[in-house]
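Single-letter residue listing:
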Amino acid sequence: MTAPLLRVEDLVAGYAPGLPVVHGASLEASAGEIVTLIGPNGAGKSTLLKAIAGLVTVERGSIRIAGCDVVGLPAHEIVRLGVGYVPQTGNVFTTLTVLENLKVGGHLLAPAQRAERLAQAFTRFPVLAERRRALARTLSGGQRQMLAIARALMTAPRLLLLDEPSAGLAPVAAEGVFAELRSLARSGVAVLMVEQRARAALRVSDRGYVLAEGRNRVAGPAATLLSDPDVAAAFLGGRRAA
Amino acid sequence: MIAQALADGIFTGAIVALGAIGVSFTLQIMRFANFSHSELITWGAYLALVFVAFAGPGTPTGPFTFGWQLLAAAAMAALLTGLAAWGVDVLVFRRLRRRGAHPLAMVFAAFGAALVMRHLVVLVWGHESRFYTRELQIAWQVMGVKVLPDQAFILLLAVAVVTVLHLFLAYSRTGMAMRAMAESPALAQACGIRTEAVIRTTWIVSGALAALAGVFAGLTPQLHPEIGFNLLLALFAAAILGGSGSLPGAVIGGLLVGIAENVALLFVNPGYKGAMPFLLLLLVLLVRPQGIFGEKGER
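Quick mapping for you: the protein sequence lines, in order, are chains A and B.
Positions 774 to 1015 (this note's numbering) are the ones given, in order, by the first sequence.
Positions 29 to 327 (this note's numbering) are the ones given, in order, by the second sequence.
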């Protein structure tokens, strides 16, 4: 087995010095797999993603992407290393059009390459092509999420971080997003997501981590987590049907 | 009478708008109220005076009181004031930003910067009024309204500058990055945008526009060290009236403020002129708290 693309070790991170939200979390994600982080609210899941994207202060521990330590690098440098990040809220520029959102997503690209990726985005998400001149705030929830993902894909990231990609979506739209992530993973992207819809997310994932109080508690193949009665009782809401 | 007041108001408004655009950018992109922006207007006016002192305002061309030399001086002043605005950022605001200063601390730093900047001008040029040119000009009569040729020229130039700025924001890579950052700095960073580079561009553009406002204000008819400071409250009224962060907003806001000041002169004592923008601001904010073109907060 090859070395994982992302390796986070013993990470302590938070919004203000001395007040960490993540207290020593470790995880890995490899090319071609979907890894889901679940856990109660306030467990530090979102903060962990932001730390990898370079948007919060890391106090201790390491984050390696393809062997390169990214702790302390500014967010725009981490983007260059092949990391795409889709935040949970405010994940599109609502005052910009669909086309402008994608162009901003491709800010780092040369014009020719940007045009090529734009064409790819519109092929992958035909609905965005239809609404390219529309302001992003006029999109439906599902379309907005597609735009957020398409925007992050403009730089062709090797690692895609998603914070609750199904939040606020109808079940059908959420399935659409998960199917899209599955197809991305098949193409070799490492996908790391945080999800509240734990069951649905784990069903499309290869592996999962349960994070609580800023540390990982349980880790394993997604199927194992789904059938683990303790995990089910504590973190999956008990019901099998979700 | 009304027509004359409107014409004068549009002219004042164009100058206010050029300054208000910068205030609006700072409010939206750097998220603080830059009370030293008015001093960039003063700096621009006096930096142009330096070039005029060397080259002269030029021989009056056509109906105007100046020649190409004054335009060249305005261009140089715009460039230098843009760089100076960035310089003030490096010296003052960037340091605070990096320490995560509260927006209120930024505002007070801006007040301090404004005092230093204004008194530097007094130190170098003194308190007395200065002129780019002492040429007199004959007003045109357009449908019963008196318009000075210089004013008409300035208005057209302001329209051209705002049009270029609009195209820059709408279509250029940097312009789009500025709009992206105005909405969400974190998401802009996640797109690979270097926020410090965007901030630098914002200062240079804002400073250049302020300098043009200063030259235009100084041309009609004189310069004095309070030339910017006297516009300060009008700038903020215009930026907030239009809805911060919106270019058309700042321009319309500027024009409305200019018109309100001048039309009010027909009805009230000139002493109340300065209060008019605020009356207008209050009325608009009661109906539209986000300003005329402002986006309702959505997060």
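Source of the hints: derived by calculation from the structure; they are not laboratory data.
Since the structure is predicted, the reported quantities are computational estimates derived from the model, not experimental observations.
One should not assume that every hint holds.
Unchecked claim - Just so you have them, the derived chain B footprint on chain A, three or more residues with Cβ under 8 Å:
hint, stretch
1, 846-856
2, 898-912
Said to hold, decoys possible - Computed list of chain A residues with no C-beta within reach of chain B, every gap over 12 Å:
hint, residue
3, Asp-783
4, Gly-815
5, Lys-823
6, Pro-944
7, Val-945
8, Ala-946
9, Arg-955
Backbone N, C-alpha and C fix where the C-beta goes; we use that ideal spot for every residue, glycine too.
For each hint, the structure was consulted:
Counting residues of the stretch 846-856 of chain A whose beta carbon lies closer than 8 Å to any beta carbon of chain B gives 5, which reaches the threshold of three, so the coverage claim holds. Under the rule that three or more residues need a Cβ within less than 8 Å of chain B, the assignment of the stretch 898-912 of chain A is violated, with 1 such residues. Chain B leaves Asp-783 of chain A outside its interface by the beta-carbon criterion, the shortest separation being 25 Å against a cut-off of 12 Å. Residue-level check passed: Gly-815 of chain A sits 19 Å from the nearest beta carbon of chain B, beyond 12 Å.
Under the 12 Å C-beta cut-off, the non-interface status given to Lys-823 of chain A relative to chain B is violated; the minimum distance is some 8 Å. Even its closest Cβ contact with chain B, about 25 Å, leaves Pro-944 of chain A beyond 12 Å, as expected for a residue assigned away from the interface. Against chain B, the non-interface label of Val-945 of chain A holds: every CB pair exceeds 12 Å, the least being about 25 Å. Taking the minimum C-beta to C-beta distance to chain B, about 20 Å, the non-interface status of Ala-946 of chain A holds against the 12 Å cut.
Every beta carbon of chain B lies more than 12 Å from that of Arg-955 of chain A, the smallest distance being close to 23 Å; the non-interface claim holds.
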